[in-house]
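**Q** Same order as they appear, the protein sequences are chains A and B. Per the working numbering, residue 248 is the first one in the first sequence, and the count goes up by one each step. Per the working numbering, residue -10 is the first one in the second sequence, and the count goes up by one each step.
Hints listed in this document are in silico derivations from the structure and should not be mistaken for laboratory results. There may be inaccurate statements among the hints.
[Said to hold, decoys possible] Cross-link-like lysine to aspartate or glutamate pairs, in silico, EDC-like; alpha carbons within 16 angstroms at most:
id : chain 1 : residue 1 : chain 2 : residue 2
1  : A       : K300      : B       : D510
2  : B       : K242      : A       : D331
3  : B       : K237      : A       : D337
4  : B       : K259      : A       : E437
5  : A       : K360      : A       : D331
6  : B       : K232      : B       : D191
[As the list claims (entries may be wrong)] Sample of chain B residues at the chain A side, in silico, Cβ under 8 angstroms:
id : residue
7  : T236
8  : A238
9  : V289
10 : K326
Glycine included, C-beta positions come from ideal geometry on N, C-alpha and C.
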Amino acid sequence: MFRYIVRRLIGAVFVVFIISLVTFSLQYLAQHVGGGSPAYLFLGKAPSAAQVKAFEKQWGLDQPFTTQYVNYIKGIFTGRTLGDGTPGSDRACPAPCLGYSFQYQAPVTDLIKTAFPVTFSLAIGAAVIWLISGVSIGVLSALKKGSLADRSAMVVALAGVSLPVYFTGLILLYVFVYSLHWLPPPQWVEFTTSPIEWAQNLILPWITIAFGTAALYARFTRANMLETMNEDYIRTATAKGLPRRTVIGKHALRSALTPVITIFGLDLGLLLGGAILTEKTFSLPGLGYLTINAIARSDLQVVLGITIVAAVFIVIANLVVDVVYGLVDPRVRFS
Amino acid sequence: MSGGRRQIGGHPEEKVDQSMAITRRATSIAAVGAVAALALAACGGSGSSSTPSGSSSSGSTFNGAVDGIVNPSDKTGGTLQLIASGDVDSYDPARTYYAYSWDLQRLFTRSLMGFAPEPGTKGTAVVPDLASAAGVSNADKTVWTYKLKSGLKFSDGTPITSKDIKYGIERLFATDVINGGPSSYYLGLLTPKGGYKGPYADPTGDLSTVKTPDDSTIEFDLSSSFADFNYLMALPTSAPVPKAADTKADYGKKPVSSGPFMFQSYTPNKETIWVRNPNWDQSTDTIRHPKVDQITLTIVSNQADGDKRLLSNSVDLWADGGILPASRPQVLADPTKKAYADNPTTGFTRYIAVMQTVAPLTNQACREAIFYAFNKSDYRKIRGGETGGDIANTMTPPLIPGYDANFNPYPSGPDNTGDLTMAKQKLTECGQPNGFSVAMAYTNTGIGPQLFASVQANLARVGIHVTSAPSDSSNYYSTWIGSPKNIIAKNIGIAIAGWGADFPTPYGFWQSIANGNAIVDPGNSNYPSLNDPKVNGILSQLTKADPSQTADLGGQLDKAVMANAVYLPVQFDKTFYYRNPRLTNIYLNGGVGNYYDYVNIGTNDGK
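In isolation and in its complexed conformation, chain A is listed as follows (with noise of 0.2 angstroms):
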């Protein structure tokens, strides 16, 4: 087990590595094939095309390829300074230096920092509930299967997997907000400061999110746990006269929830890179909003640094996820 962690965790690492650099290439390409240059960023106005040379001198963004790589790599370890020395200019980019923002003037990490634990609070708080919800109703559909209960739930599921995210999030905007005035108008609280504003706050923005997942999780728990409750084992443990509520309980959930689990993993991972649309809509100021404003500026830094920093989180998912699997599951081997 344990040589089979090592062994997904130096395949993590390799996975990252390629991803940042296929992404760097990207960036790089975009400086100089597309004309994104940071410089227009920094310079503001149209600069001449002398100033924008000497920018990419002084900010080493005129060397080749593979030094700007390796500095960007070792960046992240090691940290780096940025500039090339003149008096005023220096730009301190401590490890881990995921990128200088010129339009931000920060470090990228500075900017991931303060961006996170609004993403992390969105995501959390909305994972708890898809979880809960989802799978609740996913069990007792499959338990009350055809049931006007069960056809019920499975269209409101319907519903919640096809509506986008920006329409159920404008309606409930409009209705909790701006007719009933339950809530206050959305913004981001953290929660050192007020911990019930901050989930009065975000308790939109979770449902919004939720309602689309949990209706995934639902229909998908409600197949594994049909399927389960098929099996031999189940029509053994039932034949054996164990109480239902220890059959289902007991038996059939643990292994029906197991490919729950790899999914809400990967689903997790995948938000705590930035869920821009409920946080475009709810303006909350997450990695998800930092990126669409770094795409719409070309602040190619930026979208690198955060990319980098989602492969991490999807990759820690998926190897978090494989190892619980195994742990839940004793049919799993690790090979």
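Dock chain B against chain A, hints included.
**A** Here is chain B on its own, set in the frame of chain A:
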């Protein structure tokens, strides 16, 4: 979101996207104010020591704040709650170029001069702020001298002296750290013969072209005549910065204040809070008469959400522009809401650049064919209809001195859908009776593709075949149409553009887009590479002109440029604002791009 290219001498349209969300990004500081028909007689003088003078209305009417002060009141107290869809580019006065950011600078920044706290056209006048009087110049306008008022203090209690103003200008020369604002004007006029690298690279050095013989006198020695220097001294770019508090690249996070408000906190992309500055003295300030105790700016990235908050009166104003076109019908249909809406021009002209460097447009008659065949009415519909803009008859927008409402050199038919007969005649004249083919440049987001489709369909009526040459908005103005070489290489015959002046004078509007000496590559704003000696000559005259001559020269300049048929004016942009009914002393100020003058707004409930 904001962003976009900002250029020397003015502001091109930042994004041709999201319909009127563009005007949120509008970074013009051009002369604006009422459409001529709405101009009211001026009353009162300027510079009074109590609430700003100007015609005022006790009730509120539609467009009431365009040329009058709505709800004048002496009531103090409360918090002004502003929202914006995107954060400012920077709070560092030297590094900001967004128009709405310049308006916010009035809260905490004072310069030698400032825009008069008047509605409409009167707001484009520059009046003394830190200076005791307007700058005195020599005959050829190369040396300007100012004297400071006494009793001026920064928010940290230290006195404001001429040396602080000089230091603010010196910072502009550290272009690798201080950038993003319109520093090119100052660098162009004040760079000494031996060069100057700025106070960071050259701490013992000194900007020799700015002299401070004593703490209350400052003299500028320009390298060429510049009649509009008082306007440059009204921009936040020339604000004083105390050297001891200069945190260089970080200064924008919490600049020291010289105005009635100072920063309490700034969380980027989320919120800014200003509170009153106890070291600001009303007796030294004839521009600002603040009423509220606190001002907050909250970023609401979802514009539909923000409109909802504004229209339900739970916030006070969009700081960075008007409401979405989709929200306008409900305001126009409801008289109680319409009374609190304003629909002014912004000072931006939306136009088509017709390139004289691309065949067959090298022939003027071929260019004029496009002018006559163009469907301005269609274009205007796509850009938001009547509330989005007025059909433009010429390039100079209303109330930049020189604007002539009766000058329409290329009329496009009685309903502005185009004069096809005239267009076909011009085609024959230029030897292309069956039309010709050119590429059209536009930004590939928002309404850009729709505008392209409209132009393509409309010009096809006379056989002009338009192909597409779109580009990303992030490099549209810098390397796409901002590169004369690229225009020729891609056969770009026509390009969508928008322009507003950095300061409301004819020179401020025209220099970068019409002077032959302003052509650069990349980053060019003179897209058609106009180099007409007559135009260049008038611009040169303007740098030495007395204020009494400016309007006349401005009119001549407009006509001279239009005679070249390289700029096809389509519409004068308008914004549609809604203001919270509780606001007092509210008016649109032409000097700051026709946004509301935030620093003077009060609330009638004291909350």
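**Q** Would you list, in rising numerical order, the hints stated earlier that this structure does not obey?
**A** 2, 5, 7, 10
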